[in-house]
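Chemist: Fit the two chains together into the complex; they arrive one by one in their own frames, and the hints show the way.
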Amino acid sequence: MNEDNNIRQQFQSKLNNFEARVPEDGWVRLEESLIAASKLKRLRSRWYIGSAAAVLALLIGSLLFFPTSIEDPSPIITQQKTIPQTEEHKKSEKQKAEHKVPAQYAHKNKKKAVSGIRQNTEKENDLIFASGESPAKLNPVEKSSSEIERTSEKDQSSPQKQEKEISQAEKDRLIEEFAQAGKKDMLLAALETGAKTKNRNTGIGITGGGGMLSSERTVNAPMTLRSASANPKDKEHYSSPPKQLDLTSNPADNIAEMEHAQPVSLGITVSKVVFDNLSVETGLVYTYLYSKTKNTNINSDTKETLHIHYLGIPVNVNYYFLSIHKLDIYASLGGMIEKDIHGEFRRNRNSEVKELNSSSSKQETISVKQDNPQLSINAGFGLSYPIYKNLNLYGKIGGAYYFETNNPYKTIYSEQKIMLDLNLGLRVEF
Amino acid sequence: MDESQLIIACKKQDRNAQRALYELYAPKMMTVCLRYCKNEETARDLLHDGFIQVFTHISSYAGKGSFQGWLRRIFVNVALENYRQEARRNKFMEEYEYEITDLEDDYQDNRFDIENISQETVMQMIQELPTGYRTIFNLFIFEEMPHKEIAKLLGINEAASRSQFYRAKTQLQKKISVLLERNKRQAQ
Chain W
4 MNEDNNIRQQ
14 FQSKLNNFEA
24 RVPEDGWVRL
34 EESLIAASKL
44 KRLRSRWYIG
54 SAAAVLALLI
64 GSLLFFPTSI
74 EDPSPIITQQ
84 KTIPQTEEHK
94 KSEKQKAEHK
104 VPAQYAHKNK
114 KKAVSGIRQN
124 TEKENDLIFA
134 SGESPAKLNP
144 VEKSSSEIER
154 TSEKDQSSPQ
164 KQEKEISQAE
174 KDRLIEEFAQ
184 AGKKDMLLAA
194 LETGAKTKNR
204 NTGIGITGGG
214 GMLSSERTVN
224 APMTLRSASA
234 NPKDKEHYSS
244 PPKQLDLTSN
254 PADNIAEMEH
264 AQPVSLGITV
274 SKVVFDNLSV
284 ETGLVYTYLY
294 SKTKNTNINS
304 DTKETLHIHY
314 LGIPVNVNYY
324 FLSIHKLDIY
334 ASLGGMIEKD
344 IHGEFRRNRN
354 SEVKELNSSS
364 SKQETISVKQ
374 DNPQLSINAG
384 FGLSYPIYKN
394 LNLYGKIGGA
404 YYFETNNPYK
414 TIYSEQKIML
424 DLNLGLRVEF
Chain B
424 MDESQLIIAC
434 KKQDRNAQRA
444 LYELYAPKMM
454 TVCLRYCKNE
464 ETARDLLHDG
474 FIQVFTHISS
484 YAGKGSFQGW
494 LRRIFVNVAL
504 ENYRQEARRN
514 KFMEEYEYEI
524 TDLEDDYQDN
534 RFDIENISQE
544 TVMQMIQELP
554 TGYRTIFNLF
564 IFEEMPHKEI
574 AKLLGINEAA
584 SRSQFYRAKT
594 QLQKKISVLL
604 ERNKRQAQ
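Just so you know, the sequences run in chain order W and B. Each number in my numbering corresponds to the 1-based position in the first sequence with 3 added. Each number in my numbering corresponds to the 1-based position in the second sequence with 423 added.
Pulled out of the complex, with its shape left as it was, chain B reads as follows (with noise of 0.2 Å):
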């Protein structure tokens, strides 16, 4: 069964298409879903809702355009959902908002020497990130969203989307430098 008779299946609630639909694309949205989340758990939690989603609203998916990305779209909402329930909670936002101008002496070096780092270490470094910093790094960078558009979404103002984003690459050249610097001397 090839993904467009999945998708109609699915349609029709069918049970076993549903999970063939799981299976084939779980892991990628729990990629998505690790990027997102501070831990494992929070993360099997997204999965679970933004599948829930994806079969309740499925019929709403006219076929234009990529499935992966339409599923995409609906577990990065699920995320962001979360993302804004934890706000309201512990209101982390208002902690990290800082001015662009004082973090340009933070940030020095533009380069990312992640080649040689595994892909488990950088969702790692990724999902280590203050949660702020981490939702917003990730709207940037894999969601490809404009600052404009992420203040807007997130309820902040463009500095602070700017500002946030670039303390998380601050944060995350730190931890990739000290990483390099580690296994350097253990090398030797």
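For reference, chain W alone in the conformation it holds in the complex (with noise of 0.2 Å):
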């Protein structure tokens, strides 16, 4: 051990004040790296604050509503038959006067049924009253059946399937049950969320999104769109592969600047209620990705782009857990593989040997092809709200992660693995 120290001392005082040249172009480069850097930074800092910024804005808004949804149960109901709407039945019924609440038209989804009621209650406000207010001014049930109807009619695209399920006499029974317990308003938001649910069987759409953020780099390194697992079919149209980007001179002179655009797409989906409120959507979705790469350096410069065109299968599964008046928010996770349909690649280089005193100038195009799918896994919220009748606009908000696919060309989806997407689309529910 003392042998070592000795030579540790024998070195370190050897070579403690030894002091190498530093590179004359150090601080040059490293100036550009450095607002290179902050630029990056300030591009992270505003993807974060936009990101932090929905998130906090969807927890607020569901902290804001969610309560208030569940500070009432849903309507109880406890009987099951049809029976003839005649004054004396309608009469019988009021001396029994039942304060139970019905079960069997409870609605599995609580908050719902509840949002129904608060939808409905300025519209209700002249129909709901005490059974012992003013019975004599108005007759309650044939006002509230009337109303119904016309909430039915309003709501749903096919009125006669509601009406298979609760007939019109039964409807009227249990609205006048409901008032002389002071709960008539359940009821109602009761039927008006069944309508609802029955409009969510089937839903087709189209969307159209795209990532929140592009992705860029500069380096002292050259770089290429083309990735280390490049076919070596490919190498065919080339007259110098991109390894010779850098060889005309010291690759620390050289500026590399690559650029991927954000990933623009549009498709038509299609969903289906699976089971109370989920859905499965699905469909075909087309998307455009660009790149470039700039590759400058004393002696050349050469630019790379690519344009690539996909078109993917998703399949996601939507979970509406909250509705604000007519507005359904929805959780969704999914996937989706995606295969590209066309591409093109271009090259353009520009070399000039002023020692020489010669230069050339060199274009190159050729169609290119992914080896492998693409693959992604997404998780997002969204917002769904009906603009007419049967109409929804609907936006989405999420995250994507795309796996490596090894493939010959390098696209945002390769060099980005996580990315902020924003969706919106309109969607017909019947």
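What the hints contain is simulated information worked out from the structure, not anything from laboratory work. The structure displayed is predicted, hence computed values, not measured ones.
Each pair of labels, with its calculated beta carbon distance range:
#1 Arg45/W x Gly486/B: 23 to 29 Å
#2 Tyr484/B x Asn302/W: 38 to 44 Å
#3 Met424/B x Ile340/W: 55 to 61 Å
#4 Phe406/W x Glu543/B: 47 to 53 Å
#5 His310/W x Ser541/B: 53 to 59 Å
So, partial list: chain W residues that the calculated Cβ filter (under 7 Å) puts toward chain B:
#6 Gln13
#7 Lys17
#8 Leu33
Pulled from the structure, derived: some chain W residues nowhere near chain B, Cβ distances all over 12 Å:
#9 Ala60
#10 Glu173
#11 Lys275
#12 Thr285
#13 Tyr289
#14 His310
#15 Leu314
#16 Ser335
#17 Leu336
#18 Lys342
#19 Pro389
C-beta atoms are modelled at their ideal positions from N, C-alpha and C, and glycine is treated no differently.
Modeler: Right under this line is the structure:
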């Protein structure tokens, strides 16, 4: 051990005051990188702030509205039988004036039921009254049933189906029962929500979306859009492979920029309710990706561009967990498989060797194909709002993770594994 | 502007202060980088990457301990990261794992007559060592790390660290002997 310490002392004392020669362009290179890094930092900060704001908005929204939706239990219906609607019957029913709340028509989703109550509160204020207050002024049964009909006609695409479930006579009778129990609004909400659930059976929609952030990188080492796993067949198209990008000068003098634009997508979707508020959505989505690089050094300037068009099949599960008035909020989880249908790679190289007094320019355009399909998983939150009858406007914000595919051409999928995206669309539900 | 003022200004991303700090410490840190690299080109890249790290994380320097020591740790870490990347590519660590017992015969003399050898030549000799030897030699001699810690840091076993250090010493000693012998002959 002492021997090692001696050696340590010998070498330390020998090189203690040694100062190596620093590269002349060291600070210039460093300053360029620091500028690029600060730009990237700003961009990242914006991304984080944007994401945090979106998540916060959703959380606050949920917290503000969620507690009000569970403050009252859902209506409980104890009877289910069709009784002819006669005046005598009505009178006898009034005398019974049960204060129990019927159970069979209780909607499984309490939140929805109560949101339905909120939706109908203003509308029903002039109709709902305590049985003892002013029965002579208005027949609550007639008024209520007509109101239900109007509500049904307004919100249902096929009211006849609804009639099969609950006959009009029974509906009227129940309304009266609930009115007497002071809980007519609950029944209306339940019926309303039932109608809404029926509406969400199947949906067809169009969707458009995009990533919320592009990807930019500036380094000294040369960069190319072709990855190491490039198909050897493609190399036939190159008179000079990408390795030669930096051979004309020192790599340290090279400034390489790579940029991947935000992906843009458009698609059609089909959704189907499979269980309660759970729906499965699939479809066909077209996505356009654009990337470019620029390598500049003393002797040459090389630009590459890549356009790739993808077709993908998404599969998502949407869970509608909250309704606020007509606005539905849902969480979404799923994945997508995409395959390129067309791609074009362009390379433009201008070189000049001053010592030899020569210059050259070369352009190449080739059609390219990625070897493997792109798989991704995604999660997000969405909002859906009916803008006309059964036509809903919806938006979804979320993140997606793109799996490594070892494809021959680099895209934003390979360079930025996690992406935040925003989708907007229209959906017809029936 | 003294060192502490420079650091405060660098924490505010003052470009002039960053440049002054770079000019003050770059030669010393370039020495660290050169010791861990085979060639000057790689050392230049490490110097660049190291200063990026320094200016990105300078706000985490609390002022406790020597600033030069803090800088040095960053550059050693950058060099080690480069070593790990190379190790993944080349897997050179496996090639040089010998048992210490095999080395005892090779290593006979513990003296290193480097007093009459220039600093540049000693640096060059260290640079010429195989990557694994060089890294362990640097960590043991200049960073004063025990073999146990080196082994943990490089993901190898302690015996491998010891064996490579002995190999490094042997190679250096041979180089020094050859050089001294040549100088002696030239002097005659």
